[in-house]
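Assemble chain W onto chain E, guided by the hints.
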Amino acid sequence: MADSSKNPETQPQQGEPSTPGSGSKQPALGLGRREREVLSVLRSQGNANVQQVAERLSTALAYTTVMTTLDRLFKKGLLQREKKDRAFIYSAHLTAREIEERRASDLIRRYFSDSGERPDILLSCLVDAVHHYDTDMLDQLESKIRSARANYLGSDPEPDGGS
Amino acid sequence: MALSYTLRLACLVVVSIGILQTTLELILWAGSPVLQRLLASLPVRQHERLLYLLQVAPFLIAVLLTGFFCVPQYLHTETNLAPETVGWLCLLLAAIVCAWFGFAALRSLRIAARTIHFSQACRRSGQSLTHAHNQTHIYTLQEPANRVALVGLYNPFVCISQNLMEDGSLSALALDVVLDHERSHALHRDNWKLFSLHVIPRLSLRLPAGSTWMRLWQNAAEWAADDDAVRGDSTRAFLLAETLVALTRRATTPDPAMICTGLVCGESEFAVRIDRLIQRFPTSSPQRRLSTILALSAMVCGAALVIASLSPWLRNVSERLLHLG
Numbered sequence: 001m002a003d004s005s006k007n008p009e010t011q012p013q014q015g016e017p018s019t020p021g022s023g024s025k026q027p028a029l030g031l032g033r034r035e036r037e038v039l040s041v042l043r044s045q046g047n048a049n050v051q052q053v054a055e056r057l058s059t060a061l062a063y064t065t066v067m068t069t070l071d072r073l074f075k076k077g078l079l080q081r082e083k084k085d086r087a088f089i090y091s092a093h094l095t096a097r098e099i100e101e102r103r104a105s106d107l108i109r110r111y112f113s114d115s116g117e118r119p120d121i122l123l124s125c126l127v128d129a130v131h132h133y134d135t136d137m138l139d140q141l142e143s144k145i146r147s148a149r150a151n152y153l154g155s156d157p158e159p160d161g162g163s
Numbered sequence: 001m002a003l004s005y006t007l008r009l010a011c012l013v014v015v016s017i018g019i020l021q022t023t024l025e026l027i028l029w030a031g032s033p034v035l036q037r038l039l040a041s042l043p044v045r046q047h048e049r050l051l052y053l054l055q056v057a058p059f060l061i062a063v064l065l066t067g068f069f070c071v072p073q074y075l076h077t078e079t080n081l082a083p084e085t086v087g088w089l090c091l092l093l094a095a096i097v098c099a100w101f102g103f104a105a106l107r108s109l110r111i112a113a114r115t116i117h118f119s120q121a122c123r124r125s126g127q128s129l130t131h132a133h134n135q136t137h138i139y140t141l142q143e144p145a146n147r148v149a150l151v152g153l154y155n156p157f158v159c160i161s162q163n164l165m166e167d168g169s170l171s172a173l174a175l176d177v178v179l180d181h182e183r184s185h186a187l188h189r190d191n192w193k194l195f196s197l198h199v200i201p202r203l204s205l206r207l208p209a210g211s212t213w214m215r216l217w218q219n220a221a222e223w224a225a226d227d228d229a230v231r232g233d234s235t236r237a238f239l240l241a242e243t244l245v246a247l248t249r250r251a252t253t254p255d256p257a258m259i260c261t262g263l264v265c266g267e268s269e270f271a272v273r274i275d276r277l278i279q280r281f282p283t284s285s286p287q288r289r290l291s292t293i294l295a296l297s298a299m300v301c302g303a304a305l306v307i308a309s310l311s312p313w314l315r316n317v318s319e320r321l322l323h324l325g
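Chains as they are written, first to last, in our numbering: chain E, 1 to 163; chain W, 1 to 325.
Here chain E stands alone, though its shape is the one from the complex (with noise of 0.2 Å):
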């Protein structure tokens, strides 16, 4: 069995489960039909080894592909799994729905947030997050709306002004 994972992060003590590293950041959970169908194993069995997964799945892959499936759904943060007698035992960490929330948040943050793609999205954005805006012309622009609205209310302009 060469069902152990090289990173120290990962690797369980014996009977205990785990699951990968909380607070660091979790890989996007865009799933393959292979990752699908190995998580509707997982999930219809409870726990299983690699090859208890093998069998069970539609078509026949080698156990080294079944292996690394399970390893990069471990890695997804959608599995834990347990080392007992030298093997590992996996399980469903998230549900279905689970998953389904944390796509949906991963998305959100890639395409609120992620400067490396242009997903050609429809959103009415209050206020553009296109470019830098220069920190300086902000602190004029505020104290302008300051003296416009001391000026309105015909007193000095506040101190500290903000919404």
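Derived from the structure by calculation, the hints contain no laboratory data.
Be a bit skeptical, because a hint or two may be false.
List time: in silico EDC-like cross-link candidates among lysine to aspartate or glutamate, alpha-carbon distance up to 20 Å [stated by the list, open to error]:
#	chain 1	residue 1	chain 2	residue 2
1	E	75	E	37
2	E	144	W	275
3	E	144	W	233
4	E	76	E	106
5	E	144	W	269
6	E	75	E	106
7	E	144	W	267
8	E	76	E	35
Just chain W, lined up with the frame of chain E:
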């Protein structure tokens, strides 16, 4: 190359729409300084609507002229049902127009698919805040960019970062103004308008003043939503101005990740928007509005006269087009 009757008709339709649209867009481009001055004197909502119309009009007019003039003329005059040679320039133009329209169609499909996907993700991930009196749904999202945005095409909804709701950056009144702004976009179907501007193939020429018709429309749409949110109340105007500055400080990212109707493309435009809010809405006078409407009517009449004067040449236009080159 010899084409059958049907293919010749298809070729004629494509080339006719392409040439007419390009011509009309070039005319609008040349007349843009005058048009911009005229439109600027109109109330901002009318300004926005006319800017939108100016962008869709070339394509619609091209389709209408082709459908009601060029095609019937061809069907009426063309008696040769056998294959006939078509000019190489006509074929080249047809290929270019097909590629142009095909690209626009693919881009709009991609935008629609991604928008629907993103909307579904927001609905799944967000927490709904809607109450019975509001037609526009509101979702709070756990996202780091501190955004307020209207999302989606069908039944668009407002997304607000959870952070903005929790850290007290938005007072109740500020939130009300902000939501009114987004509801105005929903009410006037600004996302649909933006989508249609991507669906319709356009040249997107940069105007002599340095902007584009699209950008001008985006500015006007944003100003109009500001006006709707402010409702003529100076307190709300100051509050919106302050909120815009505060959110801009927090919402800055290094590179655009989406197409936004948010107008603030640069610092100068943002400053203009704020100035507009704090200067208590300079409104156009009825006299200027009347003169603008008269000037625009005169332009439309002039265009009709030009088309009428070209009618002798237009009699054989379909044959001329097919044998270009």
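Cross-check of the supplied hints:
| no. | hint | result |
| --- | --- | --- |
| 1 | 75/E with 37/E | 17 Å, holds |
| 2 | 144/E with 275/W | 9 Å, holds |
| 3 | 144/E with 233/W | 18 Å, holds |
| 4 | 76/E with 106/E | 12 Å, holds |
| 5 | 144/E with 269/W | 16 Å, holds |
| 6 | 75/E with 106/E | 15 Å, holds |
| 7 | 144/E with 267/W | 15 Å, holds |
| 8 | 76/E with 35/E | 11 Å, holds |
In this structure, every one of the numbered hints holds.
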